[in-house]
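Undergrad: Place chains B and C on chain A using the hints.
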Amino acid sequence: MKKYIIVLAGIVTIVALLSFSLKDQPISDANDSFHKDSIASVNAFKDVYKVLISPRCMNCHPSGDVPLQGDDSHLHTMLPQRGKDGKGINSMKCGNCHQATPMEGLNQPPAHPDWHLPPADMKMVFEGKTPGQLAKQLVNPKTNGGKTMKQLMEHADDGLVKIGWDMGEGRTAPPISHAEFKKAWIRWIETGAYAPKDK
Amino acid sequence: MITLSINKKTYNVDVDPETPLLWVLRDELGLVGTKYGCGLAQCGACTVHLNGEAVRSCVTKVSRAVGQEVVTIEGLSEKGDHPVQKAWLEIDVAQCGYCQTGQIMSAVVLLKANKNPTDADIDAAMAGNICRCGTYLRIRDAIKLAAQIERKEA
Amino acid sequence: MADLKTSITRRSFLRSSALAGGGLMISFSWLSAFKSPDTMAPELADWAELTGYVKITPDNIIKILNPNPEFGQNVMTSLPMIVAEELDADWKQVLVEMGPHDNVKLGPQFTGGSNSVRMYWKPLREAGAAARQMLIEAASQSWAVPAAEITTKAGILYHQKTGKQATYGSLATKASAIAIPKGMKLKDAKEFKVVKSSIKNVEGKKIVTGEPLFGLDYHVEGMLIAMIEHPPAFGMKLKSFDASEALKMPGIKDVFTQKLYEDGFEQGGFDTRTFNDLLVVVGSNTWQVMKARKKLKVEWEPAGEYKDIIAARGQKREVVVPAELESTEAQLKKMQEWSAKPAPQLRKDGEPEAAFKNAAQVIERTYNAPFLAHNCMEPMNFFAHVTDDKALVAGPLQAPGWSEPTLAKLLNLPADKIEIQMTRMGGGFGRRAYGQYLYEAALISKKVKAPIKLVYSREDDMTYGIYRPMYTATYRAALDANKKLIGFHVNGGGIPEHAIHANRFPAGTVDNYLAEGWAIPSNITIGAFRAPRSNFNAAAEQSFLDELAEAMGKDPIDLRLELLQKGKESPVGQNNDYDAERYAGVLKLVREKSGWGKAENKKYSRGVAAYFCHNSYAAHVVDIVMKNGQPYVERVFSAIDCGIVVNPDAAINMVQGAVVDGIGNAFYGGLTHKEGRAVQNNFHAYRIIRMNEAPKKIEVHFVQNDIDPTGLGEPPFPPVFGAVANALFKATGQRLYQQPYAPQLNKRRAF
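So the protein sequences, as listed, match chains A, B and C.
Under the working numbering, read the first sequence as residues 1 to 199, first letter to last.
Under the working numbering, read the second sequence as residues 1 to 154, first letter to last.
Under the working numbering, read the third sequence as residues 1 to 751, first letter to last.
Okay, chain A solo, but in the shape it has when bound:
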């Protein structure tokens, strides 16, 4: 579902007043067909950011090579390493514990058939990123896993993304529902995938 936004007159002025950054704004083929709206885009990204830095998403996008764990995002117990492909190393592969489908019960490892971190050559770090930094990282094919805007939009329905809302008993879900997240995500991209300016 695409939503077209009425472009307000004087948008440039408003953008200037609100100090949005247009610099380094990645423009890809996919968003040519959309009406750009920096205000709506930046607003939508507020919700996107809340989700991405929530423990359910950020814990597997750590700044180091060890995933995080828990609502307090502590270093994962037993310090599993990212490994080249993001799937762990020798005796400590993600899939050794994280199964295709979850076991019932509290504190069981959350499950997904393709559980992994971003690979070593494309770490896609969320941890410690400001909204501006993260937005730029997300739209840049060099840092987003080579995704076009269209692929990026579709990524909202990626299994590993969606599992963030279904991690089993005792784990706090991201602050908004997946439907709300998806809406904000698409709106952010459709309106131009603007990166908020960091203070």
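Treat the hints with care, since some could be wrong.
Quick look at which bits of chain C chain B covers, simulated, 3 or more residues with Cβ under 8 Å [unchecked claim]: (1) 209-219; (2) 270-282; (3) 370-379; (4) 680-693; (5) 696-703.
Hints in this document: simulated from the structure, not taken from any laboratory.
Values in this document were obtained by computation on a predicted structure and should not be read as measured data.
Don't be surprised by glycine CBs; every beta carbon is placed ideally from N, CA and C.
TA: Using the frame of chain A, we list chains B and C on its own:
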């Protein structure tokens, strides 16, 4: 009925496919060398090899093992003389011994990928296996010795 | 739990007989007056006669029974080694077997208090020496040569002059007819060949190949699995339950309630009960029972106050168990309040009040430590098959002799109709001295009239425990104007016991000394945990001594040695419970071996601590470096005086393990409660030290002497805490007063 290949033998078991592999091994097949420690993949006592990976059998549904190759400590070697087992005996690693089968299964996978592991490699590979008696220093030594034995036997 | 003087006295007698099919069986029986070591063995006064076995077959196989339960301290190897030594056996021909439970024939049979080797040392030597002497007599008769000219070596008898020789096995049957010699001379320690040599774990091969060894591996045909749904919090009990859904689950045979003790039941000293009304689920296999438990609909209610009747050590007393749903914060506050109240005096020397009044400087520090869960890798479990006229129980148990009388009462069976089989234990650490899980298993089997195995899940094991108590201690030191120590005061308390050993160092080294102790009742159950009480004292006292040394401008080892010098030359008071010279000995040894004060060790933040408990002395130097911004114990040097070391490499293993365990518990150990509920219920929340946190090197040195062996399982553990705290101060500039230490070191990312 579920058909499993464990230690190169075929077993048919009549269990709920959601049953953890650990309890199928222990309660149904009498392969009790694989230990129950936590049920949450936190301690590594239940480590087995599933297609060569050091899988935690306490959180692995038996359905995942169907059509796959499972190796437990009982099938690691015919005479208990796998280089890692030899090294464990030579260094006299065990205290209570309960966690050691899981430790050995993890160590074997490490050594398959890394023929000459450093302390840091061992730390990274073995931190998933808890030893409450604190035999970690000897496990480190035994892994290095096993690497030597493997090089010699190769 | 009062402290008892530690001593064991005994008289032993030996017997012999022929084996069926030929060969020699030598037994020793043992009349004893036994005083409890530390507090681990209060109820052994009634064991009177003990007998052990050495069997030699004609083909020269020497079978030696291990009498004592094995939980990783390696007694399966080290106790038979003692027999083999005096027998002059070839260890390669020795077969070791776990003995049956029989306190009459096999002695006290308890693992705890670091006593296994200490209490079996002399009787096992005598048994070996008698058998050897009888074999010599047999050879002397056969060869018609004087017995005095016959020598033995590695299971063979020799007569040099005639060149005759024979294996033990060939003369064993003849030897069995010979009267047991009396007053044999035991070997001088310098002649030891088996003892003091490193012999590998006799069960090593079984361990690395995964053979069934442990209680949880025990299986008989038709056996059912039982689990207990216990209240979610201490202070709660079962109100009602609806098992209709659970009973529909596949494999489920029964769900019922079972009382552990009937009202007014007299509990022995190790019959601690966590919860009395058991909600039991029984089914065909473990997973089915685990799943069915989740389908139970249970209502719990406050248990209210109740009474335990404890009948132990010839005394009967009532203990009122309070009703409160306890929380850690409130417990800490309560301990703080009680610390300020007048407390029972445990020991007083000189005029401590005056010393503190006249002091130029008073240093006062308070230390706290949490409950600790034992977390044996093998969760509690027991097999039981109880019928109308007998009971077979099998599983991991540290002291079958303490549980058997209670089991007999609970099952209304005579003790000789109860067989307790001891499996290898997947850890114990004191937890398995308490037989509650064995009683539960037996009562469940009796009720369902079937062989069952009771299994605790990890969560059951951790939240349904018999924990190391929560402790506090306030230490005060009075210094005069010349920074001389003129007064020392310790006020210790805990929930529900205090940890103070009033007669241990530094008692006896300070003229004006006061020790006080108090306890706050609780419904959270506690028990022995590797070096009970000592494991807290050594953390608090040894941290305080470090701070005291700093205030006095002294090296921390020098300060301790100066105090011990006084303790040796002019001890204060009467009942000092340590040998100042041996205590100083381990400090001097660790100082030398660690290169204490040497420039090449400058890169390390070093901490030292020493402690005496369970009749042995231990000192550690802990070396910390920063790794990824975290303090990391990279090296440890340990010096131990436990007398003769029976199996050196195994002993080193045990010390290394105690050091790793100590580091782990000091950094991470702790069980907290919220309204009676354990906050940590599995290893995701209760942190256990892992490979990457273990030191790179733990160098263990033993004081070389020929003193009869004393304990080793516990003594190296307590001083690790103090040495770690003192090294952390050097590494971070922060003195730590609350265990565990890790959460205070890196709040951001610490797990």
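Undergrad: Is the listed coverage of the region 680-693 of chain C by chain B valid when you require three or more residues with a beta carbon under 8 Å from a beta carbon of that chain?
TA: holds (count 8)
Undergrad: Count the residues of the region 696-703 of chain C with a beta-carbon closer than 8 Å to any beta-carbon of chain B: does the count reach three?
TA: holds (count 3)
Undergrad: With a C-beta cutoff of 8 Å, work out whether three or more residues of the region 370-379 of chain C approach chain B closely enough for the coverage to hold.
TA: holds (count 5)
Undergrad: Closer than 8 Å, Cβ to Cβ, for at least three residues: run that test on the region 270-282 of chain C against chain B and report holds or violated.
TA: The restraint on the region 270-282 of chain C is violated, since only 0 of its residues have a Cβ under 8 Å from chain B and three are required.
Undergrad: Given that the region 209-219 of chain C was listed as covered by chain B, double-check it with a C-beta distance under 8 Å for 3 or more residues.
TA: Since 9 is at least three, the answer is holds.
Consistency with the previously given hints fails for number 2 only.
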